[in-house]
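Asks: Given next are the chains, with one letter for each unit.
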Amino acid sequence: MKRHILFPYWCRYLGWGMVIAHVPISIIGRMNGMINPLDNPAASSGLFSGEHLFFTGTTLLMTLGLFFVAFARERIEDEQIGHIRLDCLRWAIYINYLILIISLLFVNDTAHILELNLWVPLIFFIIRFRWAIFRLSRSLSRE
Amino acid sequence: MKNTIRIERAVKNITQAELAEQVGVSRQTINSIESNKYIPSTVLAIKIARIFSKPLESIFILEDGD
Chain W
0 MKRHILFPYW CRYLGWGMVI AHVPISIIGR MNGMINPLDN PAASSGLFSG EHLFFTGTTL
60 LMTLGLFFVA FARERIEDEQ IGHIRLDCLR WAIYINYLIL IISLLFVNDT AHILELNLWV
120 PLIFFIIRFR WAIFRLSRSL SRE
Chain R
0 MKNTIRIERA VKNITQAELA EQVGVSRQTI NSIESNKYIP STVLAIKIAR IFSKPLESIF
60 ILEDGD
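Taken in order, these protein sequences are the chains called W and R. Residue numbers 0 to 142, in numbering that gives the first Met the number 0, belong to the letters of the first sequence in order. Residue numbers 0 to 65, in numbering that gives the first Met the number 0, belong to the letters of the second sequence in order.
Source of the hints: derived by calculation from the structure; they are not laboratory data. No residue lacks a Cβ here, since even glycine has one placed at the ideal position from N, Cα and C. Hints are supplied without guarantee of correctness; some may be wrong.
[To be verified] Quick list of in silico lysine to aspartate or glutamate cross-link-like pairs, EDC-like style, CA-CA up to 20 angstroms: (1) K1(R) to D65(R); (2) K46(R) to E20(R); (3) K36(R) to E76(W); (4) K1(R) to E62(R); (5) K36(R) to E7(R); (6) K1(R) to D63(R); (7) K36(R) to D86(W); (8) K53(R) to E17(R); (9) K36(R) to E62(R); (10) K46(R) to D63(R); (11) K11(R) to D63(R); (12) K46(R) to D86(W); (13) K36(R) to E56(R); (14) K11(R) to D65(R); (15) K53(R) to E33(R); (16) K1(R) to E76(W); (17) K46(R) to E76(W); (18) K36(R) to E78(W); (19) K11(R) to E33(R); (20) K46(R) to E7(R); (21) K36(R) to E114(W); (22) K46(R) to D77(W); (23) K46(R) to E56(R); (24) K11(R) to E62(R).
[What the hints assert, rightly or not] One-sided excerpt, in silico: chain R residues whose CB lies under 8 angstroms from chain W: (25) Q21; (26) Q27; (27) N35; (28) Y37; (29) S40; (30) T41; (31) I45; (32) R49; (33) S52; (34) L55.
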């Protein structure tokens with residue numbers, strides 16, 4: 000049977016670790032005067048400056064963390080899980096484009112729309128996928 | 000599509016977990032198939048039919064709406 004390319008199971012924990020680590024690192028950075036170049040492009044000290052590298056690093060940490068959580072293999076990764084995965088991905092794309100279109104129409108802040116676009120599909124996918132897996136396990140325990 | 004897996008399991012006296020292990024899926028998947036919540040792929044359907052030594056169409060039966 001065709002196997003899908005997914006990260007090993009343990010990557011889920013690595014991913015959560017990266018997502019959680021992103022929060023205090025970002026807070027400490029802001030406390031030390033780091034300004035998000037997206038918040039104030041005029042005050043930004045340019046490409047590959049300390050600030051730029053810091054915010055690129057934290058954004059990548061969060062994005063890669065979410066990516067690992069979303070695409071880590073389940074303990075038993077069978078065809079039904081693959082089916083649920085695809086269904087959740089489809090919904091994540093629908094929601095992402097819906098939010099993207101609404102934002103483009105009503106929000107005049109393209110920089111933050113980019114950031115939103117980076118995380119919404121992954122976050123929505125994770126929530127819906129975990130919810131579907133939870134419902135699947137609950138239906139089994141009711142039997 | 001309905002199926003007779005639950006009956007066949009009872010005849011063969013095997014649990015969902017045992018059937019799941021033999022065909023290489025989770026117990027949740029077997030439970031979903033038995034409850035008609037999930038339609039298995041052709042490969043999985045053939046594997047299940049082989050476990051019960053029955054033709055595919057005697058285990059998986061098409062309904063009018065299919």
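Asks: Indicate, hint by hint, whether the structure satisfies it.
Replies: Consistency of the hints with the structure:
1. At roughly 10 angstroms between alpha-carbon atoms, K1(R) and D65(R) fall within 20 angstroms of each other, so this suggested pair holds.
2. In summary, the hint linking K46(R) to E20(R) is supported, as the alpha carbons are separated by about 11 angstroms, within the 20 angstroms threshold.
3. For the hint linking K36(R) to E76(W), the alpha-carbon distance of about 18 angstroms falls within 20 angstroms, and the restraint holds.
4. For a cut-off of 20 angstroms, the pair hint linking K1(R) to E62(R) stands: about 7 angstroms separates their Cα positions.
5. Taking the CA atoms of K36(R) and E7(R), the gap is about 18 angstroms. The hint holds against a cut of 20 angstroms.
6. Under the criterion of a C-alpha separation no larger than 20 angstroms, the hint pairing K1(R) with D63(R) is consistent with the structure, at around 11 angstroms.
7. Note on K36(R) and D86(W): the hinted pairing holds, with a Cα-Cα distance of about 14 angstroms set against a maximum of 20 angstroms.
8. Pair hint K53(R) plus E17(R) holds up; C-alpha atoms about 18 angstroms apart against a cutoff of 20 angstroms.
9. A threshold of 20 angstroms between alpha carbons decides the hint, and for K36(R) with E62(R) the separation of about 14 angstroms falls inside it, so the pair holds.
10. Taking the CA atoms of K46(R) and D63(R), the gap is about 25 angstroms. The hint is violated against a cut of 20 angstroms.
11. Simply put, K11(R) and D63(R) have alpha-carbon atoms about 29 angstroms apart, too far for the 20 angstroms limit, and the pair is violated.
12. For the suggested pair K46(R) and D86(W), the alpha carbons sit about 24 angstroms apart, so the restraint of at most 20 angstroms is broken.
13. With a CA separation close to 18 angstroms, the supplied pair K36(R) and E56(R) stays within the 20 angstroms bound.
14. Taking the CA atoms of K11(R) and D65(R), the gap is about 28 angstroms. The hint is violated against a cut of 20 angstroms.
15. Taken as a hint, the K53(R) and E33(R) pair is honoured in the structure, with Cα atoms around 17 angstroms apart against an allowance of 20 angstroms.
16. Using a Cα cut-off of 20 angstroms, the hinted pair K1(R) and E76(W) is violated, with the two alpha carbons roughly 24 angstroms apart.
17. Distance hint between K46(R) and E76(W) is fulfilled; the C-alpha atoms sit about 17 angstroms from each other, no more than 20 angstroms.
18. The hinted pair formed by K36(R) and E78(W) meets the criterion: a straight-line CA distance of about 14 angstroms does not exceed 20 angstroms.
19. The straight-line distance between the Cα atoms of K11(R) and E33(R) is roughly 15 angstroms, inside the 20 angstroms bound, and the hint therefore holds.
20. For the suggested pair K46(R) and E7(R), the alpha carbons sit about 14 angstroms apart, so the restraint of at most 20 angstroms is met.
21. Between K36(R) and E114(W), the direct Cα distance comes to roughly 37 angstroms. Violation of the 20 angstroms bound is thereby established for this hinted pair.
22. At most 20 angstroms may separate the alpha-carbon atoms for a hinted pair to count; K46(R) and D77(W) meet this at roughly 14 angstroms.
23. For the hint linking K46(R) to E56(R), the alpha-carbon distance of about 13 angstroms falls within 20 angstroms, and the restraint holds.
24. As the CA atoms of K11(R) and E62(R) are separated by approximately 25 angstroms, the hinted pair breaks the 20 angstroms bound.
25. The criterion of a C-beta within 8 angstroms of any C-beta in chain W is not met by Q21(R), whose closest approach is roughly 13 angstroms, and the hint is violated.
26. Of the supplied interface hints, the one on Q27(R) holds, with its beta-carbon coming within about 5 angstroms of a beta-carbon of chain W, less than 8 angstroms.
27. With a least beta-carbon distance of about 12 angstroms to chain W, the hint placing N35(R) at the interface is violated under the 8 angstroms criterion.
28. Hint status for Y37(R): holds, given a least beta-carbon distance of 5 angstroms to chain W, under 8 angstroms.
29. A cut of 8 angstroms between beta carbons decides the hint on S40(R): the least distance to chain W is about 5 angstroms, and the hint holds.
30. Given hint, T41(R) at the interface with chain W, is violated; its Cβ is 11 angstroms from that chain's nearest Cβ, farther than 8 angstroms.
31. A hinted interface residue such as I45(R) counts as satisfied when its beta carbon comes closer than 8 angstroms to some beta carbon of chain W; here the least separation is about 11 angstroms, so the hint is violated.
32. With a least beta-carbon distance of about 15 angstroms to chain W, the hint placing R49(R) at the interface is violated under the 8 angstroms criterion.
33. Interface restraint check: S52(R) against chain W, minimum CB-CB distance 22 angstroms, threshold 8 angstroms, status violated.
34. Restraint check, L55(R) versus chain W: the minimum CB separation of about 17 angstroms is more than 8 angstroms; hint violated.
Checked against the numbered hints given earlier, the structure breaks hints 10, 11, 12, 14, 16, 21, 24, 25, 27, 30, 31, 32, 33 and 34 and satisfies all the rest.
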